[in-house]
Amino acid sequence: MPEPLFQNVAGRYDAVLCDIDGCLLNEAGGPLDLVALNKIAEHNVRAKTDRDRPLVTVCTGRPLPFSECMCRLIANDVLPCVCENGVWVYDPSVNGYHLDPAITNEHVDAAVAFRRWCLDVYADQGVSSQPGKNASVSLYHRDPDFLESIKPRLAEACAEHGWPFRVGGTWNYINCDLEHISKATGIDQFLKRTGLDPKRLAGVGDTKGDIAIAESVAWFGVPANRDPAIDAHATYISPLEQADGVVDMLERLCD
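UniProt numbering applies: residue 1 is where the sequence shown begins, and numbers increase by one.
Simulated from the structure, these hints should not be mistaken for lab results.
Be a bit skeptical, because a hint or two may be false.
[As the list claims (entries may be wrong)] Straight line, CA to CA, 25 Å or less: simulated PhoX-like cross-link-like pairs of lysine-lysine:
(1) Lys-48 to Lys-199
(2) Lys-48 to Lys-192
(3) Lys-151 to Lys-208
[Unchecked claim] Estimated spans, in silico, between C-beta atoms of each pair:
(4) Gly-195 to Val-112: 33 to 39 Å
(5) Ala-155 to Asp-77: 21 to 27 Å
(6) Ala-28 to Cys-69: 15 to 21 Å
(7) Asp-143 to Ala-102: 47 to 53 Å
(8) Leu-34 to Ala-218: 27 to 33 Å
(9) Pro-164 to Pro-198: 22 to 28 Å
(10) Cys-254 to Val-121: 47 to 53 Å
This one's a predicted model, so the numbers in the text were calculated from it and none came from an experiment.
For glycine and all other residues, C-beta sits at the position ideal for the given N, C-alpha and C.
My request is simple: use the sequences and hints to build the entire structure.
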């Protein structure tokens, strides 16, 4: 186990693993809340300087380039982030791109084949595939109810073709992830690379997919806009939404 990459010498938690969509920004689009994000960046700058608060990184289903950008935006150039629901761990301290070692070329080929099938069947009905995914498939349609209606057929197609994906989703996307890869396995890789103690980790999420974060950390917070189905996993429910909620949680973690 390596020496911890970062330690909060004055408090209980060393790092916060924060989801992006629904937590740092609105998954449905729109301008970034730069005021709140700047507060998070200022928090991280103080964390690195004073070592008196946990450092915030991201743990997300978003592709690696988007995750790298968010790390830069919140001034995290120290701790790795979990991208593509565990497919990648990106280390900003060395510009390192690390694919989970349990992902093979065959898994990547399966993602390509499954993505092609999805678009062949559903593109003319308005379904698109989120670019930048390497070993998973994320589908978008402007009508979330339509996406919900095709989930059973996607699961059937995976079974028929032997594609090893589970079919889940967020508020606006269907996420099809490798059965053996998740945010939890990504956090395992994060821990191996950072030397951090999971008992000194906090997390933030807003949907069922973030239960994997909750089960991997010692403290889990959710913003006001969360799916109520995850309330049972929350240590703290913020009265504020999205990035404002994250700022509220960081203030609580620093008390």
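So, going through the hints one by one against the coordinates:
1. Between Lys-48 and Lys-199 the alpha-carbon distance is near 20 Å, which keeps this suggested pair within the 25 Å criterion.
2. Annotation: proposed proximity of Lys-48 to Lys-192 holds, straight-line Cα distance about 21 Å (limit 25 Å).
3. Taken as a hint, the Lys-151 and Lys-208 pair is honoured in the structure, with Cα atoms around 16 Å apart against an allowance of 25 Å.
4. The beta-carbon spacing between Gly-195 and Val-112, approximately 35 Å, falls within the hinted interval of 33 to 39 Å.
5. Distance hint for Ala-155 and Asp-77: a CB-CB separation of about 40 Å, inconsistent with the stated range 21 to 27 Å.
6. About 19 Å separates the C-beta atoms of Ala-28 and Cys-69, a value consistent with the hinted range of 15 to 21 Å.
7. The given range of 47 to 53 Å is broken by Asp-143 and Ala-102, whose C-beta atoms sit roughly 35 Å from each other.
8. The hinted window of 27 to 33 Å between Leu-34 and Ala-218 holds, with their beta carbons roughly 30 Å apart.
9. Look at Pro-164 against Pro-198: about 27 Å separates their beta carbons, and that is inside 22 to 28 Å.
10. Evaluation of the 47 to 53 Å hint for Cys-254 and Val-121 yields a pass: the beta carbon distance comes to about 49 Å.
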